[in-house]
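Enquirer: Sequence:
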Amino acid sequence: MRYKFVRIPLKRPLPIVEKDGSIGNCVPQDVRNDIANKRLSCTSQFASLDTLFEKATKTGSNPFGDNSRREKIINDVINAVDVYTRSLASMLHEFPIFSEIYYYSWRSPMVTNQDVYFDDFRYDLQCMFYNIGATFMNISECLLCGHSQVAAHTKKECYHHLLRAAGYFLLVRNLLSDIQSRAVGDVKLPPPDDSTVSFVEFCHLISLGQAQEIGLEKALENKAIDDKMLPPKLSHQAYKLYGEAKIIAQNSIGVTTDALKEVVSLVELKVSVFKIMTYSISSVVLMDSEPSKALRLAAESEALLKTFSDSLSSSGEKVDKSLGGDENLLQICSNIVKKNCYRCATLNALVHRVKPSECIPELPPPLILAKEKQVLLPGNFPHQFIARTPSQNQ
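Residue numbers (the UniProt record's numbering): 1 to 394.
I should point out that these hints are in silico values taken from the structure, not numbers from a laboratory. Careful, some of the hints might be misleading.
[Unchecked claim] With a straight-line cut-off of 25 Å between C-alpha atoms, the simulated DSS-like cross-links for lysine-lysine are:
#, residue 1, residue 2
1, K55, K155
2, K156, K223
3, K218, K228
4, K371, K240
5, K373, K246
Kindly produce the complete structure, drawing on both the sequences and the hints.
Expert: Next comes the structure, spelled out in structure tokens:
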């Protein structure tokens with residue numbers, strides 16, 4: 001099965017602006033220079049990553065194919081942010097005023113650029129942690145998507161990358177909640193659209209959904225699996241995760257840029273695809289024990305597929321581009337439905353000879369496989385209560 005995952009553009013920092021007056025004079029210049037250099041190390045790492053992701057998008061190449069180079073890239077950016085965070089935390093205990101002597105602003109291609117500046121160091125940090133989460137997602141996309149064959153160890157690595165991405169997005173969500181509950185600085189403007197709890201939760205759900213997909217594929221390929229209901233349960237959970245992300249996009253996010261529209265379109269597609277696949281996979285696993293229910297589920301998967309295909313045709317959507325090329329998700333879904341419907345019909349004709357049940361049976365309950373890897377701040381700040389943890393680059 002070929003994957004179609006999202007690629008999330010990194011945020012880009014604007015030059016920081018020092019507040020007018022003598023507020024910054026309370027902090028020695030050498031201390032300020034040290035922090036500035038460590039911050040520059042972070043932003044330089046993100047700029048380099050941004051260049052690599054842009055190259056991958058334009059050329060279709062994979063700049064992360066070499067294992068040792070990929071590991072170094074990941075470790076370098078996490079180390080840089082960890083060092084900056086720990087140094088900032090240590091310095092703020094000695095010079096608390098430093099938390100609000102600069103204005104920070106970051107831009108994102110995902111939202112309309114607002115160029116809002118905040119005099120709160122946590123805004124700067126949450127943008128960096130967001131970028132790390134996006135980095136894990138984008139590297140997974142580069143390694144998995146567009147390839148007809150992907151090694152099992154690569155899929156496993158990407159599965160864990162996506163769980164780490166989800167962990168970083170959860171950390172950002174916690175930071176945003178902390179910003180809302182404990183004020184630092186004087187700016188009281190609403191956050192940019194990409195720095196809301198809803199937007200970050202949207203990214204969090206997508207990263208978990210993509211990890212769930214990898215687990216589902218492994219379960220489908222494992223013919224000796226003991227729990228025959230595992231694949232439909234995993235598929236149901238993927239459907240649920242993407243469904244929750246779709247609701248957030250519809251109700252809480254202003255979709256105003258092409259970059260975000262592309263991500264939301266893929267999420268909406270996956271809601272339909274995994275709903276259809278859950279019905280179809282369930283039909284096969286139930287065929288031996290409850291053939292009437294299985295036949296009804298198979299028929300329902302066919303009906304859902306036709307409705308979805310017709311809606312795409314009537315909307316004039318460019319299926320090949322948005323759904324992943326020649327072997328797109330819709331075609332993969334269609335192939336699975338046809339294969340499973342044929343299998344159910346054949347088994348019924350040869351063995352069971354029953355009619356489909358009149359009512360649509362309940363689907364197997366969703367089973368959570370993908371859970372975010374916990375990521376906490378590598379420093380203890382005086383302005384908030386998020387717990388301290390060792391560096392996350394292990």
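Enquirer: All hints, please: hold or fail.
Expert: Hints, verified against the model:
Straight-line distance between C-alpha atoms of K55 and K155 comes to about 22 Å, which keeps the hinted pair within the 25 Å bound. Using a Cα cut-off of 25 Å, the hinted pair K156 and K223 holds, with the two alpha carbons roughly 18 Å apart. A distance of roughly 13 Å separates the Cα atoms of K218 and K228; the hinted pair therefore holds under the 25 Å criterion. Taking the CA atoms of K371 and K240, the gap is about 14 Å. The hint holds against a cut of 25 Å.
Note on K373 and K246: the hinted pairing holds, with a Cα-Cα distance of about 23 Å set against a maximum of 25 Å.
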